[in-house]
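Protein chains: 2
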Amino acid sequence: MSKLVECIPNFSVSKEVDPVVFQGLVDVANSVPGCTLFDVQSDGSHNRCVFTLIGSPEGIEEVAFRLCKKASETIDMTKHVGQHPRMGATDVIPFVPQTKDVTVEDCVEMSKRVAKRIWDELQIPSFLYEDSATRPERRNLAACRKGQFEGMPEKLLQEDWAPDFGERKIHPTAGITAIGARMPLVAFNVNLDTDNLEIAKNIAKAIRGSSGGFKYRMAVGIMMEERNIAQVSMNMVNYEGTPLYYAYEMIRALADRYGVRIIGTEIVGLTPAKALIDCAEYYLKIENFHCHEQVLEYHLIDMK
Amino acid sequence: MSKLVECIPNFSVSKEVDPVVFQGLVDVANSVPGCTLFDVQSDGSHNRCVFTLIGSPEGIEEVAFRLCKKASETIDMTKHVGQHPRMGATDVIPFVPQTKDVTVEDCVEMSKRVAKRIWDELQIPSFLYEDSATRPERRNLAACRKGQFEGMPEKLLQEDWAPDFGERKIHPTAGITAIGARMPLVAFNVNLDTDNLEIAKNIAKAIRGSSGGFKYRMAVGIMMEERNIAQVSMNMVNYEGTPLYYAYEMIRALADRYGVRIIGTEIVGLTPAKALIDCAEYYLKIENFHCHEQVLEYHLIDMK
Numbered sequence: 012m013s014k015l016v017e018c019i020p021n022f023s024v025s026k027e028v029d030p031v032v033f034q035g036l037v038d039v040a041n042s043v044p045g046c047t048l049f050d051v052q053s054d055g056s057h058n059r060c061v062f063t064l065i066g067s068p069e070g071i072e073e074v075a076f077r078l079c080k081k082a083s084e085t086i087d088m089t090k091h092v093g094q095h096p097r098m099g100a101t102d103v104i105p106f107v108p109q110t111k112d113v114t115v116e117d118c119v120e121m122s123k124r125v126a127k128r129i130w131d132e133l134q135i136p137s138f139l140y141e142d143s144a145t146r147p148e149r150r151n152l153a154a155c156r157k158g159q160f161e162g163m164p165e166k167l168l169q170e171d172w173a174p175d176f177g178e179r180k181i182h183p184t185a186g187i188t189a190i191g192a193r194m195p196l197v198a199f200n201v202n203l204d205t206d207n208l209e210i211a212k213n214i215a216k217a218i219r220g221s222s223g224g225f226k227y228r229m230a231v232g233i234m235m236e237e238r239n240i241a242q243v244s245m246n247m248v249n250y251e252g253t254p255l256y257y258a259y260e261m262i263r264a265l266a267d268r269y270g271v272r273i274i275g276t277e278i279v280g281l282t283p284a285k286a287l288i289d290c291a292e293y294y295l296k297i298e299n300f301h302c303h304e305q306v307l308e309y310h311l312i313d314m315k
Numbered sequence: 012m013s014k015l016v017e018c019i020p021n022f023s024v025s026k027e028v029d030p031v032v033f034q035g036l037v038d039v040a041n042s043v044p045g046c047t048l049f050d051v052q053s054d055g056s057h058n059r060c061v062f063t064l065i066g067s068p069e070g071i072e073e074v075a076f077r078l079c080k081k082a083s084e085t086i087d088m089t090k091h092v093g094q095h096p097r098m099g100a101t102d103v104i105p106f107v108p109q110t111k112d113v114t115v116e117d118c119v120e121m122s123k124r125v126a127k128r129i130w131d132e133l134q135i136p137s138f139l140y141e142d143s144a145t146r147p148e149r150r151n152l153a154a155c156r157k158g159q160f161e162g163m164p165e166k167l168l169q170e171d172w173a174p175d176f177g178e179r180k181i182h183p184t185a186g187i188t189a190i191g192a193r194m195p196l197v198a199f200n201v202n203l204d205t206d207n208l209e210i211a212k213n214i215a216k217a218i219r220g221s222s223g224g225f226k227y228r229m230a231v232g233i234m235m236e237e238r239n240i241a242q243v244s245m246n247m248v249n250y251e252g253t254p255l256y257y258a259y260e261m262i263r264a265l266a267d268r269y270g271v272r273i274i275g276t277e278i279v280g281l282t283p284a285k286a287l288i289d290c291a292e293y294y295l296k297i298e299n300f301h302c303h304e305q306v307l308e309y310h311l312i313d314m315k
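As they're listed, the protein sequences go chains A and B.
Using the numbering used here, you'd call the opening residue of the first sequence number 12 and step up by one each time.
Using the numbering used here, you'd call the opening residue of the second sequence number 12 and step up by one each time.
None of these hints come from the bench; they were simulated from the model.
Just to be clear, a hint being listed does not mean it is correct.
Note that the list lumps identical chains together, so a pair holds whenever it fits in one copy or between two copies.
Unchecked claim - Below, a list of computed lysine-lysine pairs in the DSS-like style, where the Cα atoms sit at most 27 Å apart:
id : residue 1 : residue 2
1  : Lys26     : Lys216
2  : Lys296    : Lys90
3  : Lys111    : Lys14
4  : Lys180    : Lys81
5  : Lys14     : Lys296
6  : Lys14     : Lys216
7  : Lys212    : Lys296
8  : Lys296    : Lys216
9  : Lys81     : Lys111
10 : Lys212    : Lys26
11 : Lys296    : Lys127
12 : Lys296    : Lys26
13 : Lys111    : Lys216
14 : Lys111    : Lys80
15 : Lys166    : Lys180
16 : Lys123    : Lys157
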């Protein structure tokens with residue numbers, strides 16, 4: 012079995028604004044055998060790009076470090092302009108387990124090794140966030156990044172905001188990086204047959220605030236302007252603890268109170284198969300199903 | 012992307028009755044690089060074993076031929092005794108596409124090349140069955156096998172039963188083999204909250220006979236003695252044409268007529284992820300879902 016880890020580093024540069032620097036990062040992303048650059052997203056107005064890499068734990072650690080190094084050599088945060096909040100040339104590096112023999116704990120260890128190395132070799136400090144966080148308030152990326160690049164020198168001097176690795180000062184041009192491990196996210200949106208945004212907002216608030224053990228990174232009500240319908244938009248951060256069908260059935264029940272129905276849903280981007288297979292298992296009432304043993308694709312992945 | 016094909020050859024020997032011959036086949040199954048012997052089932056009363064192999068199309072063709080050769084050298088059908096119907100030392104060789112870039116048509120071509128080779132080199136004739144069949148009545152394996160090893164010399168002389176490859180006479184000790192391509196099967200059973208077997212039989216009959224385009228190799232009503240409940244047992248032969256949720260919802264509707272509910276279901280053995288993901292897509296009303304692009308595991312398989 013080959014262990015696979017996903018890494019989704021975000022850099023403060025875009026193909027649109029600086030194609031040469033952007034291409035330099037793409038080249039580095041392709042430089043480590045056993046790691047595949049799987050997807051690249053770039054946004055000019057954000058002046059930010061997001062790489063999706065998958066590979067062996069060792070390969071992913073190496074490519075994450077090399078990318079950080081390249082970004083620190085080619086991106087100058089003192090000159091960076093973009094709409095997206097950011098605090099470093101390499102702004103954030105999440106590590107996500109992708110095969111069943113890799114745990115979040117393994118990814119936490121990876122994040123700490125990479126954080127140590129980028130301090131030791133590049134003098135870039137870092138916060139550990141998400142499941143790597145050393146204190147509860149650092150789990151949230153937005154809390155770590157608050158103040159952004161410009162506010163970081165002062166923030167790092169506050170009692171509670173010493174970096175997890177490195178001294179209390181940013182790298183002069185590369186800033187500071189958030190590094191952490193997390194479970195795969197599933198972006199799951201539920202469309203309602205109403206143009207009343209308040210209903211979607213109320214539902215989002217109710218499921219966020221649920222005491223039933225629901226766990227979403229984010230659940231908000233938004234308008235789908237082009238279809239004139241309201242949507243509950245969620246990031247499912249732990250689809251094993253809070254399956255998609257929990258969210259679907261809870262929203263269905265809450266919407267019913269308003270006489271509103273679910274007219275459709277969407278999954279944005281990638282999802283692990285199991286997030287959907289668990290739903291089939293629920294709706295088809297499948298007994299004694301052993302997903303990793305009975306689903307062929309897991310064996311195909313294992314065989315390689 | 013690596014193309015993968017599954018092959019599930021059945022041999023007229025068992026570990027229980029003749030461990031030496033059985034082991035010889037296992038050794039051959041492991042002899043082709045790029046092919047993995049994934050599962051072995053052996054049944055002493057049937058005196059039969061089933062290998063599950065997955066590998067590249069070229070590797071699978073080669074291992075299928077080598078296994079046929081080894082079986083013809085070590086199994087003597089004139090001495091074979093077992094409860095399961097059989098007509099050859101290698102009784103049947105199905106080829107099943109397992110990655111999205113391999114089609115059933117590719118597997119049909121594989122089946123024909125292997126059939127030609129075992130005639131040319133081993134003088135074992137064969138029938139092409141399932142999606143490789145050259146006439147409708149040969150799609151069904153049981154129809155091909157009717158008469159079994161002992162009845163084959165006479166059957167092959169009948170006007171309609173010339174082998175697809177080879178002359179109208181069996182190999183004296185290896186008999187004749189059925190070779191064909193098919194889609195992956197999903198064995199899907201639905202349990203009813205009744206001890207009335209007739210209800211399960213009626214439902215099975217109704218869905219078999221459906222004019223709604225349903226396609227099952229088999230749908231029968233059976234008793235689950237240990238739980239004292241009736242079950243509709245199905246082999247879904249084309250889960251893309253007839254998804255599992257069609258079967259589930261149809262059985263639910265038909266059972267309702269008797270005041271009977273579905274209390275659970277089961278999937279026996281392996282299933283492709285997509286057979287279940289399609290169900291999640293239906294029940295969660297997911298719009299515009301592109302399974303092969305959005306499900307991570309397909310990319311993990313592609314990457315290898």
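Here is how each hint holds up against the structure:
no., hint, result
1, Lys26 x Lys216, "neither (37 Å within a copy, 61 Å between copies)"
2, Lys296 x Lys90, "neither (57 Å within a copy, 46 Å between copies)"
3, Lys111 x Lys14, "both (8 Å within a copy, 23 Å between copies)"
4, Lys180 x Lys81, "within (20 Å within a copy, 71 Å between copies)"
5, Lys14 x Lys296, "neither (31 Å within a copy, 33 Å between copies)"
6, Lys14 x Lys216, "neither (38 Å within a copy, 47 Å between copies)"
7, Lys212 x Lys296, "between (31 Å within a copy, 21 Å between copies)"
8, Lys296 x Lys216, "between (30 Å within a copy, 22 Å between copies)"
9, Lys81 x Lys111, "neither (31 Å within a copy, 37 Å between copies)"
10, Lys212 x Lys26, "neither (35 Å within a copy, 63 Å between copies)"
11, Lys296 x Lys127, "neither (47 Å within a copy, 45 Å between copies)"
12, Lys296 x Lys26, "neither (48 Å within a copy, 36 Å between copies)"
13, Lys111 x Lys216, "neither (33 Å within a copy, 41 Å between copies)"
14, Lys111 x Lys80, "neither (30 Å within a copy, 38 Å between copies)"
15, Lys166 x Lys180, "within (9 Å within a copy, 88 Å between copies)"
16, Lys123 x Lys157, "within (22 Å within a copy, 66 Å between copies)"
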